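A.B. asks: Residue numbers (the working numbering), protein chains in the order written: chain A, 4 to 550; chain B, 381 to 748.
By construction, these hints were calculated from the structure, which means they are not laboratory data.
Note that this is a predicted model, so its numbers are computed, not measured.
Check before you lean on any hint, since a few could be wrong.
Claimed, not checked - Derived contacts from chain A toward chain B, CB cut-off under 10 Å, selection only:
#1 ARG33
#2 HIS115
#3 SER120
#4 PHE133
#5 THR259
#6 SER263
#7 ARG332
#8 LEU334
#9 PHE335
#10 GLN391
#11 GLU493
#12 ILE494
#13 THR499
#14 ARG506
#15 SER514
Unchecked claim - Between beta-carbon pairs, the in silico distance windows are:
#16 A:PHE374 - B:GLY459: 49 to 55 Å
#17 B:GLY459 - A:ASP539: 38 to 44 Å
#18 B:ALA571 - A:PRO79: 43 to 49 Å
#19 B:PRO582 - A:VAL53: 46 to 52 Å
#20 B:PRO582 - A:PRO79: 42 to 48 Å
The beta carbon of each residue, even a glycine, is placed where N, CA and C say it ideally should be.
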Amino acid sequence: MTASTTDPEKAAKGPMLAADGTPLKKSLSRALRVQKLRALALVAPLLIFVLVTFIAPIADMLFRSVENQIVSDTMPRTTKALGDWDGTGLPPEVVFEDAYYDLFVAAERKEHTRLGSRLNYELTGASSLFRKSGRGLDELGEVYQDQFKDLDKNWDEAQPWAEMMGSDDWLAKEAAWEKGERLPKFELRDGVDELLPRTAEQYAAFATFTHNDDRKSLLKEEPWSAVHTALYQDLAANDYSGYSGPHADMLKAADTLVASPDFQTLPFKDGFGEIDKDWLEPGIWRTLKLYAPKYTSGYFLNSVDMKLTPEGVEARPQNERIYIMLFKRTLFMSLVITCSCILLGYPVAYILSNLPSRTANLLMILVLLPFWTSLLVRTSAWKIMLQQQGVINDVLVWIGLVSDDARLTMINNQFGTIVAMTHILLPFMILPMYSVMSTIPKTYVRAAKSLGATDWTTFWRVYFPQSVPGIGAGSILVFILAIGYYITPEIVGGTTGTFISNRIAYHISTSLNWGLAAALGSILLAVVLLLYWAYDRIVGIDNVKLG
Amino acid sequence: MNRTKTLLATTALTVAAGAVSAEDMANSMTIVSWGGAYQNSQLKAYAEPYAAMHPEVSISWDESSAEAVAKLRAMNEAGNITWDLVDVEAADSIRLCDEGLAMEVDVDEMLAPGEDGSSAEDDFGDSLISDCFIPQIVFSTTVGYRTDMVGDTPPSDICAIFDLETYPGKRSLNKRPPANMEWALLCDGVAKEDIYDVLATPEGQDRALAKLGTIKDQTIWWTAGADTPQLLADGEVVMGSTYNGRLFSAIAEQNQPIGMLWDAEMLDFDGWVIPEGLPEDRLARVLDFVKFATDTQRLADQAAYISYGPARASSAPLVGQHAELGIDMAPHMPTDPANATNVFVTQYAFWSDYRDDIDAKFQAWLAQ
Numbered sequence: 004m005t006a007s008t009t010d011p012e013k014a015a016k017g018p019m020l021a022a023d024g025t026p027l028k029k030s031l032s033r034a035l036r037v038q039k040l041r042a043l044a045l046v047a048p049l050l051i052f053v054l055v056t057f058i059a060p061i062a063d064m065l066f067r068s069v070e071n072q073i074v075s076d077t078m079p080r081t082t083k084a085l086g087d088w089d090g091t092g093l094p095p096e097v098v099f100e101d102a103y104y105d106l107f108v109a110a111e112r113k114e115h116t117r118l119g120s121r122l123n124y125e126l127t128g129a130s131s132l133f134r135k136s137g138r139g140l141d142e143l144g145e146v147y148q149d150q151f152k153d154l155d156k157n158w159d160e161a162q163p164w165a166e167m168m169g170s171d172d173w174l175a176k177e178a179a180w181e182k183g184e185r186l187p188k189f190e191l192r193d194g195v196d197e198l199l200p201r202t203a204e205q206y207a208a209f210a211t212f213t214h215n216d217d218r219k220s221l222l223k224e225e226p227w228s229a230v231h232t233a234l235y236q237d238l239a240a241n242d243y244s245g246y247s248g249p250h251a252d253m254l255k256a257a258d259t260l261v262a263s264p265d266f267q268t269l270p271f272k273d274g275f276g277e278i279d280k281d282w283l284e285p286g287i288w289r290t291l292k293l294y295a296p297k298y299t300s301g302y303f304l305n306s307v308d309m310k311l312t313p314e315g316v317e318a319r320p321q322n323e324r325i326y327i328m329l330f331k332r333t334l335f336m337s338l339v340i341t342c343s344c345i346l347l348g349y350p351v352a353y354i355l356s357n358l359p360s361r362t363a364n365l366l367m368i369l370v371l372l373p374f375w376t377s378l379l380v381r382t383s384a385w386k387i388m389l390q391q392q393g394v395i396n397d398v399l400v401w402i403g404l405v406s407d408d409a410r411l412t413m414i415n416n417q418f419g420t421i422v423a424m425t426h427i428l429l430p431f432m433i434l435p436m437y438s439v440m441s442t443i444p445k446t447y448v449r450a451a452k453s454l455g456a457t458d459w460t461t462f463w464r465v466y467f468p469q470s471v472p473g474i475g476a477g478s479i480l481v482f483i484l485a486i487g488y489y490i491t492p493e494i495v496g497g498t499t500g501t502f503i504s505n506r507i508a509y510h511i512s513t514s515l516n517w518g519l520a521a522a523l524g525s526i527l528l529a530v531v532l533l534l535y536w537a538y539d540r541i542v543g544i545d546n547v548k549l550g
Numbered sequence: 381m382n383r384t385k386t387l388l389a390t391t392a393l394t395v396a397a398g399a400v401s402a403e404d405m406a407n408s409m410t411i412v413s414w415g416g417a418y419q420n421s422q423l424k425a426y427a428e429p430y431a432a433m434h435p436e437v438s439i440s441w442d443e444s445s446a447e448a449v450a451k452l453r454a455m456n457e458a459g460n461i462t463w464d465l466v467d468v469e470a471a472d473s474i475r476l477c478d479e480g481l482a483m484e485v486d487v488d489e490m491l492a493p494g495e496d497g498s499s500a501e502d503d504f505g506d507s508l509i510s511d512c513f514i515p516q517i518v519f520s521t522t523v524g525y526r527t528d529m530v531g532d533t534p535p536s537d538i539c540a541i542f543d544l545e546t547y548p549g550k551r552s553l554n555k556r557p558p559a560n561m562e563w564a565l566l567c568d569g570v571a572k573e574d575i576y577d578v579l580a581t582p583e584g585q586d587r588a589l590a591k592l593g594t595i596k597d598q599t600i601w602w603t604a605g606a607d608t609p610q611l612l613a614d615g616e617v618v619m620g621s622t623y624n625g626r627l628f629s630a631i632a633e634q635n636q637p638i639g640m641l642w643d644a645e646m647l648d649f650d651g652w653v654i655p656e657g658l659p660e661d662r663l664a665r666v667l668d669f670v671k672f673a674t675d676t677q678r679l680a681d682q683a684a685y686i687s688y689g690p691a692r693a694s695s696a697p698l699v700g701q702h703a704e705l706g707i708d709m710a711p712h713m714p715t716d717p718a719n720a721t722n723v724f725v726t727q728y729a730f731w732s733d734y735r736d737d738i739d740a741k742f743q744a745w746l747a748q
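From just these sequences and the hints, can you work out the full model?
C.D. replies: Here you go:
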């Protein structure tokens, strides 16, 4: 675009113009916009990096704390049907029917065990119940499959089924399909979904699975037994004497068979009972109903020692409560660690900032040295120092301060965690303190003294207030690092020195209960933000300086 | 350069005659294991001989088995499986199978038949505890003690753990419930065959915890298998539970004053799983490797480097001597008849159901 073509008349009317003739306002805002864009372009790489690698995964992880789609995705019909059930006794037969069809497909896709492990977090035993049922459901359908097969072996053949259920168009395409090509999308024959509604639905589900998961032709694969079960239900419900579509004789014969008193049937409820008697207990159904919604508060409730029940929210029994206690312990111990870092770090930082720079630099290396050692090595070293047969105890016994059979227990408890973590986090306290202290002019101290202040007054009234921003910065760093630590507490914490983060790690890597881990993590994050807010209110975040 | 490669490839083809055509197989493979002596035994017994037959294949190792379940799930969600073969404990293989993260294995088709002529399925027998699991070794969780700290009557019974009078001093036990709960009930007078029935009830769980409560303040709870041997060596504990291979190595390789019990050892399996969703060429390579690495001879060879028993019945007679110490390894196998007089076989179905529940109670109990 050209900006220099100007109309002198127009320019005369307009307000102030830039050198090239465009209005000054416009020209200025353009320049500003370009500047802003350039600034944005400069930060864009980092911004995108942080968004993609940090913010997005955290948001995704936190989202898992409420996400619960697996139940309704795996058992869509059942969860819907359970909505109408009042939750007392056993659900009606129709729920068992829906559960049969849902689980059958889920088992073929090997998704039922995933649901089982999900529900096992809420109901002990769900895991093996679902695993077992995946195998057992086949037998339920075989009752019908076998009887139809004995009547006419075409009922166990792929081709007649496909001809009965599929449209002519689709049949032609399916017949022409060759390996390696895309399979033609299955289409139901016109009217079959009204004629044989359940069978059509189940056959379509079978068709989708065979095409998408197995990648096989429906002319080669005989349908699974759920289709036969559905066929029995249709035949029992309707009259097919007037049917004249493909394989009319076969269907009519089957209709007669179903109507005969010899035909064996098995109610869905009984079938489930045969797989496992737990299906005839209300427990599993109540759990399914409770966790049917796509989003659940269950994980958050679990992480504050409560649980979701059909009667509402209730507290867990005393012997299962752990998380509230761990949250409190984590906060308390992080606070203790922060305080001991201040106590130990302040004198060091003070000396460092008052020494000639050559000595200070040498000592600084000693402060930084632990940074260059592996965290595991440092933690394990504390084990050797603190254990009962360790260095410190040996020295104490040798001096005679402690008798040999009463050695101090200094590790695998809170004390061990506090000692090891204070040591590990100390540099994070010393460094900000040092950089703040080294900016305090020494003349202030001299001035105070020359005006007659004692050493203590000089320190307390003049020096210390100026070093507070360093303490603030160090405390925030140490506290926030401590609250999320888990390797050190795991190694030296024993049973009384472990943090909430150890449970989060357990649920992420061992129990695979990521929902609960996410809920615990969200709470921890919220607590940290809350404390930060309180800190800002009380101390003021402007009073924090890193140098 | 190119000629060397072709030459190598041709040699490999000749050696691997009868296998699937080598061109369809990927030439690199990432194997995940536990690191340490155990991974080394796999390297020596499986990977090095395989690499000698197939010089074109490069194998890289990842010591991530402890976090394998979580990492496989994350890889699966990201749609980028970078592992080809993963060594996991049997209980984890059930979890991975349930979650659809591990591939189901047709044992007779994919694995070599036993050298004694039995089919692969018969040869592996009870060790095939999940549809996705390819067993390698039998190991056991058992108890070791300081020979110089137990007086003249070294323990011979698992209940010595709970006997603070005869064996005063600290103990070390696993920070997870399996094995601890069974031992507690056994020593509280529950008959062995009833233990899991009792443990399935809340009262039974409380009973086990109450029994463990009698030694709670004398117990250090470990999280890594190396902890107990270290604690024993330092004299921190008088006895403690760990894996039998760790005790063997402390006793035979490091000459520590440690003895071990085989009484009520908890037998467990460790083996391979193949991640679900590998591309065809990588899958072909993995299957070729696994078939070789789990044949009768290879499993027997592994016992020369570590005292874990081969998962195949047909491998047991072929177990020879320790590769460096030259001692017979058969008497150090957890499955040796002399050792296996009183064993628990880990009840995987039970623990897959009750693990979350009992672990919650156990951790709450520990923290109190």
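A.B. asks: A separate judgement is required for each hint: does it hold in the structure or not?
C.D. replies: Each hint tested on the structure:
| no. | hint | result |
| --- | --- | --- |
| 1 | ARG33 | 43 Å, violated |
| 2 | HIS115 | 9 Å, holds |
| 3 | SER120 | 5 Å, holds |
| 4 | PHE133 | 8 Å, holds |
| 5 | THR259 | 41 Å, violated |
| 6 | SER263 | 40 Å, violated |
| 7 | ARG332 | 8 Å, holds |
| 8 | LEU334 | 15 Å, violated |
| 9 | PHE335 | 14 Å, violated |
| 10 | GLN391 | 6 Å, holds |
| 11 | GLU493 | 6 Å, holds |
| 12 | ILE494 | 8 Å, holds |
| 13 | THR499 | 7 Å, holds |
| 14 | ARG506 | 7 Å, holds |
| 15 | SER514 | 6 Å, holds |
| 16 | A:PHE374 - B:GLY459: 49 to 55 Å | 37 Å, violated |
| 17 | B:GLY459 - A:ASP539: 38 to 44 Å | 42 Å, holds |
| 18 | B:ALA571 - A:PRO79: 43 to 49 Å | 46 Å, holds |
| 19 | B:PRO582 - A:VAL53: 46 to 52 Å | 48 Å, holds |
| 20 | B:PRO582 - A:PRO79: 42 to 48 Å | 34 Å, violated |
Figure legend: structure checked against the earlier numbered hints; hints not met, in rising order: 1, 5, 6, 8, 9, 16 and 20.
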